[in-house]
Structure formats: C-alpha cells, structure tokens
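*Asks:* Put together the whole structure using the sequences plus the hints.
2 protein chains.
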Amino acid sequence: MADFAAWSRGIQARMESVLARVLPEAAIAPEKLHAAMRYATLGGGKRIRPMLAFAAGEAVGVDAARVEYAACAVELIHVYSLTHDDLPCMDDDDLRRGKPTCHVQFDEATALLVGDALQSLAFELLASPEACADTATQVAMLALLAKASGSRGMAGGQAVDLAATGKTLELAELEFMHIHKTGALIQAAVLLGGMSGGALAAEARTGLERFAHCVGLAFQVMDDVLDAETDTATLGKTAGKDAAQGKATYLTLMNAKEARIYARELIDDALAAVSIFGPAGQRLSDIARFIIERRY
Amino acid sequence: MADFAAWSRGIQARMESVLARVLPEAAIAPEKLHAAMRYATLGGGKRIRPMLAFAAGEAVGVDAARVEYAACAVELIHVYSLTHDDLPCMDDDDLRRGKPTCHVQFDEATALLVGDALQSLAFELLASPEACADTATQVAMLALLAKASGSRGMAGGQAVDLAATGKTLELAELEFMHIHKTGALIQAAVLLGGMSGGALAAEARTGLERFAHCVGLAFQVMDDVLDAETDTATLGKTAGKDAAQGKATYLTLMNAKEARIYARELIDDALAAVSIFGPAGQRLSDIARFIIERRY
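The listed protein sequences correspond, in order, to chains A and B.
Each residue of the first sequence is one higher than the one before, counting from 7 in the numbering used here.
Each residue of the second sequence is one higher than the one before, counting from 7 in the numbering used here.
Rather than coming from a laboratory, the hints here were simulated on the basis of the structure.
Among the clues, some could well be false.
Each pair may be met inside one copy or between any two copies, as identical chains are not told apart.
Claimed, not checked - Simulated pairs of lysine-lysine, DSBU-like, Cα-Cα distance not exceeding 35 Å: (1) K52 x K153; (2) K173 x K38; (3) K38 x K247; (4) K253 x K52; (5) K173 x K105; (6) K173 x K253.
Just so it is clear, the structure is predicted and the values come from calculations on it, not from any experiment.
*Replies:* Okay, structure coming up:
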C-alpha cells in the first residue's frame, strides 16, 4: 500500500491544482461568491471520488488528462452537497475539513449560492469538449451525473436522511438511504471515469457498477464506525454528531465489530468485481482496501 | 395580439402537462421531496422562458416536440432559483405565484433540496436523447445552460444583487447585475430553443443573441416598473418589496415614464434583430411586444 499512498497523494495534489484552475478566480466578479466557492472546494478533502474516477479510467485504459473533467465534476457535486448540508436548516455544522464551514466563514446566502454555482460548474466542466472521446457518450455521462445528483440520487438520499432522523431504520431502509445519498455519486465517479474514453463494453460496465455499489456501501459503513470511534481533531469534522442528532447509522443496527465484518464482506465483493480488469484494475482494488483500512 | 394570447395560453397548458410528466410523481420515494418539487413547479407561472424557447425554435424551423426539453430545462432552472431566492437567508418571501412559498408550505431544508434537485433535473432533461438533433450541439447546449446558471450567470447575478442591497448603483452596474441575474437564463432559453434542431447558422445565432439581450433587459425594466406600480394580489407576489428592502432597481435611476421609454427602445431593438427570420420570427416579436404591454 506504500505505492497507493503515494498515488493517492498525487491525485490529491493534481485535483488541488486542477480545481484551482477551473474555479473562477476570486478577483473575477462576483468576487465574494468566487472567493467562497474556492474556500469551500480547495485546501483539503480526501478526493475519494476523483480517485475512483482516475482508477476506473486506468482500468479501461483512458488517458488520465481526459478523466480530469469527470473527476472535477463529481468532486464539485460532492463539495456543493457538503456546503448545503452544513447549512443551519440542514445539519447545522460549523466545522468541515478542519476549517469553519462556508456559511460560518462567509454567510448563509453566500453558502447557498456557492452550492448552487458549484453544481452548475460541475455540469459545465463535464460538457467541456475535452471531457469525452465522443459526444454521444458525453451526453450519456451528463445524464448519468444529473440523475445521480438529483431527487432519485444524492439529493433524494438527503431527503430520506432528514425524514429518518430520530427514527429506527431497518437495514434495507438504511441501505436505500445510503445507496442514494452517497452511493449514487460514488457510482457516477466510477462510471464517468471509465466512460471518459468512450462507450463502455457491457462486461466492463457491469464490473464497474458492482464494484461501485459495494465500495459505496462499505465507505458508508466505515464512515459510521469512524464517526463513532474517532475524535473531532482527527476527523476534521464534528465527531459523534450522528448519534447526538438521532441519525440512523449502521451502529444503531449492529456493533462496531459486526460493522467492520460487514464492510470487509462488501470489499471482498468489490475486489471480485474488478478482477476482470486484471492488473489494470489494481488502483480500484487499492482504493477498496484503503476504504476499509482508513483511520479518518 | 389576440392570436398571441391564445398561443401563450397554449404554451402554458403544454408546459403544465409536460412538467407534470417529467417531475417524479409524489408517490415515488422520497415522497415529501417529490411533492415539494411539484408544488414549487406546477400550477402557475407565466412560462416566459419556455415561450421564448418555443418561439426561437419556430424562428429557425425546429419541431416543437423537440424544443419541449430545452423549454422544461430552462423553466426548471428558473423555478429552482425562485425557490432558493425565497428562502429566509435570501429574500425571505412568503408568497409566490399567489401561493405560500415552498419553505413556508413545507420547510427550509426541503425547499433547499427542491432547488438542488430541480437544477439536476434540468440537466437530466436536456441530456435526454430527444433533446437535440445531434449530440455535438447537445453537449454545447448543456455547456451553455450550465454557464448561464452558474457564478458567471444567474447565480452570480444573485450574488451581485445581494451585495448591492442598500447601495445606489449606476446604470452600467445595474445592467451588469441584470444581464447575469435574469438575462443569462433568458438568453439560454432563446438559444437553446433554436439549437434544439442542431447547430445554428452564424447569422441566426447573432440575431437570437441580440434579441435575447434586449428582451432580457426590457423584461427587467418592466418588472421594476410593475413591482412599484402594481398591487400584491395582481402580481401574485409581494409588491413594493424591492424599494422596501433598499434594492437597486431602474426606478432608483429614472422615473417610471423614463423607464417605460427605455424599455420601448430595447424592444424596438429586439424587433429589428429578429426581422432576419421573416414571418417565422412572428412569435418572438409577439413576446417582445407582450413584455412591454404586460400588466403583471
């Protein structure tokens, strides 16, 4: 995993540089909005979704320079959702990536517009001429990202999450929520990375979909475990908040040891799914292993 | 204009039916979010942007069934922006289209997600296979809508508007704000309607752009005049609010009579721009005249 650690730091540095380039400069009007968009996006983040996009591109043999567009698009959707999530009317959180949240640093109206504009920018980047090798696939990529972000994807998952606060969910209900809230965008990251090179062969698409489904759930299981077991300073966001807010998590359904075993099973399934790519699927496998071994 | 009145009612009815079909049913999970998306979108609205899209399609000879996608996309972006605009951290408005605003009828978190999900749905619809005759133009349409919606378009205009509250703007600053806040999406409506049939010829594109620029500004001038002169019941939204909130409007720079003259000049310019389309441009001309003659 030493090699993976270097690779992931490389992706993080690359994303920092690419995002700094694609986000409008803070000197361009409206200055405050652009400064806030940069504040919310730059200087942190695990960049898991971009890693997945680059790794999926590698699995099917796409040039990394092309995958950058899909990687930025999914990351911007992710950052927009965090920015809106942190607002007082949602999770009301003050700390994100070790810094004051966007509405604390700026103001609520600005944070609202930051999220709105980051969503638009994600689609703008994915609609760049360089984002895909052929335009028919590119239109399908745009449709996929839109669906994954919307009411039957990420935004819908947020709505289910809000409705579930204070309630006890069964495992099937909890997974329905996560498949939407985080799974849809993780799946988009993987598929868009692969599609950047053009239409995917049926077998490759099926493999990537199964991988993404398992990795998405495992990521959420481990998020719940880490939220309960880790301190705020290490997480860079407020720890223990899910339990305090009465949110449904995996740890309301199983203990931490069981949750880790469940995540392990999901990761084994993910590893099996990408075996079809042979050595080209190595980065995808590395990410799957990282998700179960991460500490924050 | 009797014919135009019937045509515009026809577009309104058509949009009500198409939007009711493309919005997820309220019975589909997450039910509350879907109910709120339908509440915010259906049952009202002048549908000016869809009218512009259909009229531009007619000017360049595109089948109306194809233009429906672009028309829905721009209207959904418009509705999302109204829903977020009405939130307490923005304009804090209780009344829209004669009904309680979305966050009053539901709650703030839901209204936030409604706006987010409507933006995604707009891009999803515009990425439908039927939305354009060729995929290269369709990618350009998606890029155009994204740019018009984002920080250098509509969302950026909102940010300028927020920053300008309580300040006196010069005409050039006011127009910069409006060109972004409402002009960008009006221009997108016109261009996307035309592009639905495939790439536009240079002359047609220039004509539509000039038309859209003039009509967008004239629309805003008349909005300011009507906001100052009309009662809340007729407008269907809170009247006189701009002045009460210290917002910069055309009426802080000129009196109502001068504003009407200015709008008239803009409309004359718009009419000249679409003369290149001959009789096919009739609906665009009708809309331009409607904008200056409307009472609400």
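*Asks:* For each hint, tell me whether it holds in the structure or not.
*Replies:* Okay, the hints, checked on the actual structure:
1. In this assembly of identical chains, K52 and K153 lie within 35 Å of each other by CA distance both inside one copy and across copies; the values are 24 Å within and 27 Å between.
2. For a Cα distance limit of 35 Å, the shortest separation of K173 from K38 across copies, 16 Å, qualifies, whereas the shortest one inside one copy, 39 Å, does not.
3. Taking the shortest alpha-carbon separations for K38 and K247, both the intra-copy value of 30 Å and the inter-copy value of 25 Å come in at or below 35 Å.
4. Taking the shortest alpha-carbon separations for K253 and K52, only the intra-copy value of 23 Å comes in at or below 35 Å, while the best inter-copy value is 41 Å.
5. In the homo-oligomer, the alpha carbons of K173 and K105 lie at most 35 Å apart both inside one protomer (31 Å) and across protomers (32 Å), since each shortest distance falls under that limit.
6. Proximity of K173 and K253 under a CA criterion of 35 Å is satisfied intra-copy only: 7 Å inside one chain copy versus 44 Å between copies.
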